[in-house]
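A.B. asks: Here is what each chain is made of, one letter per residue.
Number of protein chains: 2
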Amino acid sequence: MSLPVEKWAEQVRTGDVRAIARAITAIENHQAEAEELLRRLFAATGRAYLTGVTGAPGTGKSTLVDRLAAYYRKREEAVGVIAVDPTSPYTGGAILGDRIRMQSHASDQGMFIRSMATRGFMGGLARATAEVAWLLDAAGKQEVLIETVGVGQDEIDIVRLADCVLVVLVPGMGDDIQNLKAGLMEIADIFVLNKADREGASRLEQQLMAMLSLVMPRDGWHPPVVRTVASESKGIESLAETIGRFRKHFEASGQRERKHAEHWKRRLLGLIESRLVERVLGGADGEARLAEMAKEVAERRKDPFTAVNEMLKKSGIGV
Amino acid sequence: MSLPVEKWAEQVRTGDVRAIARAITAIENHQAEAEELLRRLFAATGRAYLTGVTGAPGTGKSTLVDRLAAYYRKREEAVGVIAVDPTSPYTGGAILGDRIRMQSHASDQGMFIRSMATRGFMGGLARATAEVAWLLDAAGKQEVLIETVGVGQDEIDIVRLADCVLVVLVPGMGDDIQNLKAGLMEIADIFVLNKADREGASRLEQQLMAMLSLVMPRDGWHPPVVRTVASESKGIESLAETIGRFRKHFEASGQRERKHAEHWKRRLLGLIESRLVERVLGGADGEARLAEMAKEVAERRKDPFTAVNEMLKKSGIGV
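Chains G and C supply the protein sequences, listed in that same order. Heads up: the first sequence at position 266 corresponds to 564 in my numbering, and the numbers run straight through without jumps. Heads up: the second sequence at position 235 corresponds to 533 in my numbering, and the numbers run straight through without jumps.
Derived by calculation from the structure, the hints in this document are not laboratory data. Any given hint could turn out to be false.
Intra- or inter-copy, both count: the list cannot distinguish identical chains.
As the list claims (entries may be wrong) - Here are the computed lysine to any residue pairs in the SDA-like style, where the Cα-Cα straight-line distance is at most 20 Å:
id, residue 1, residue 2
1, 563, 604
2, 612, 577
3, 593, 337
4, 563, 575
5, 612, 510
6, 612, 575
7, 593, 342
8, 532, 581
9, 600, 309
10, 557, 594
11, 563, 599
12, 612, 599
13, 563, 422
14, 593, 340
15, 593, 561
16, 600, 568
17, 305, 319
18, 546, 517
Quick caveat, the model's predicted, so the values are computed rather than measured.
Let's have the full structure, built from the sequences with the hints guiding it.
C.D. replies: Here it is, written out as structure tokens:
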């Protein structure tokens, strides 16, 4: 086992597309070898710049990411794109869109695009996305773009992986800035006003600016608003420049290490949690034991604290 | 210690307002005696009906909850209200509004209102809210209304506590149904179209109905849309009747037990997680140890998996 993983890691490092794809599948399926592989690749990470792109459905995120990726490719940077699609009965189409995107870049070895669906990741999507970013970083991608719909905590956790977070807005969708989720506002490093040729763009920009003027700059950075019309490739260069400016500001201000240390605190905590829960609820009958306990509690035969203490005792962890 | 807690529990059971308030403070501050108290009260729970009310800021949730509470009081049901205010630099005013509400019911012993802020609950707000609901249930409140802004995963976890979930919408806020968070759509048992006297109410209702027609009924229930003008107490009775109808449907279909068992599975899992993490990172130096480890990882001196394994080994849990 050890030898193949070593070879596999080497293939990933050279940017071998098949080796990368196989690794992502291993991560998605939570295979034990994925951990061994990632462990071996870790020293080669920390070079990629991660840009997170989030916004409501219909804001044109995919097109924006696509154009930004093309821009970086033109400058001969290796690019990785991770598109996270929260599957919901109300959405759809994202996967189709992704397939079309893949085709248009299919012949480009410097571009790796992968979409990940929520399905099967119950609470672990942020972790899987982080691990794929880690993989692409080790594979030499200089720009990693992570795209996700700004829906819940899981999506917020995903964009928080990024060095730079773009929040995409469009005029006319929920005329009021009030509608914007508070959580998203707080993580935005740059606002992208996409579809800026539409009516209401100036009004939205004014509202945004008014709101931003009330907010203290974070580490000396006041989130700017960049206008784009991604479908016509307008404003992409200006956006890329703003991302570059943020990167320089952040690195110069010395806040980068602090942010990364914070980031790793969260991730280590998440890892500890999942390890421990696996220990208690792992094994073939883990789920059944939990269900049995939940039934007893729901029927008031046992209180939740006693139930949990008993489960921990049985796993040899004690209280 | 044991005797006072016993007496305290008894006071809570009789609905003593001071004893309840003191218990909530103990829950909020994560005091060890809160667990002992809740454990003693558990057998007395399971009687209250929990209604969750969620929606974007500005939809008039507080007024709606207020009027619904007044309606239940008129029918001589004991009512508890838990208003969860996610504090954010962009919101505010909720606490002030709450104070005004408390005053108007101050002389009513059958009504208990408590607002809870996000501050200080890092990831534990859903748990604290659930424990306060447990307390109010044991205190004999027949109707417990849980109000929260539909923002992130935490808020979704909060409303999922409820037996019945109301999602509040108003005309003119984000004209498009598309703006509605997918997560909220999926947990709604009843849609409340508040401020229904405003322009655009019929259009919004049509959009909602069109969208709902695409969705499979859950356990034979198709979420209805109820129109209200809460500020004028219009539609409140009809809403209360719809909640009652949902309750009957749910209990008759035999799905209630299944839902409660699912609910307790999630909660037990959460309890297991927090217990275990406390075990590894508890104590005065826990946070410092995590920070040190995160720094080593951020600097690539150690990979995350090795770091976590070492931490677990040190806490005597092993790998």
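A.B. asks: So, for every hint listed, does it hold in this structure?
C.D. replies: Checked hints:
1. 563 - 604: Result: close only across copies, 14 Å inter versus 30 Å intra.
2. 612 - 577: So residue 612 and residue 577 pass the 20 Å test inside a copy (11 Å) and across (16 Å) alike.
3. 593 - 337: between (40 Å within a copy, 17 Å between copies)
4. 563 - 575: Classified as both; 18 Å inside a copy, 13 Å across copies.
5. 612 - 510: neither (53 Å within a copy, 46 Å between copies)
6. 612 - 575: both (13 Å within a copy, 17 Å between copies)
7. 593 - 342: between (48 Å within a copy, 17 Å between copies)
8. 532 - 581: neither (53 Å within a copy, 54 Å between copies)
9. 600 - 309: Neither. Shortest intra-copy (53 Å) and inter-copy (22 Å) distances fail the 20 Å Cα cut-off.
10. 557 - 594: between (44 Å within a copy, 14 Å between copies)
11. 563 - 599: Only across copies: residue 563 and residue 599 sit 15 Å apart there, 39 Å inside one copy, limit 20 Å.
12. 612 - 599: within (19 Å within a copy, 36 Å between copies)
13. 563 - 422: For residue 563 and residue 422, both the intra-copy (17 Å) and inter-copy (17 Å) Cα distances are at most 20 Å.
14. 593 - 340: For residue 593 and residue 340, the Cα distance is within 20 Å only across copies (14 Å; inside one copy 43 Å).
15. 593 - 561: Answer is between: at 10 Å across copies they meet the 20 Å cutoff, but 37 Å inside does not.
16. 600 - 568: between (29 Å within a copy, 17 Å between copies)
17. 305 - 319: Classified as within: same-chain Cα gap 15 Å, cross-chain 62 Å, threshold 20 Å.
18. 546 - 517: within (13 Å within a copy, 54 Å between copies)
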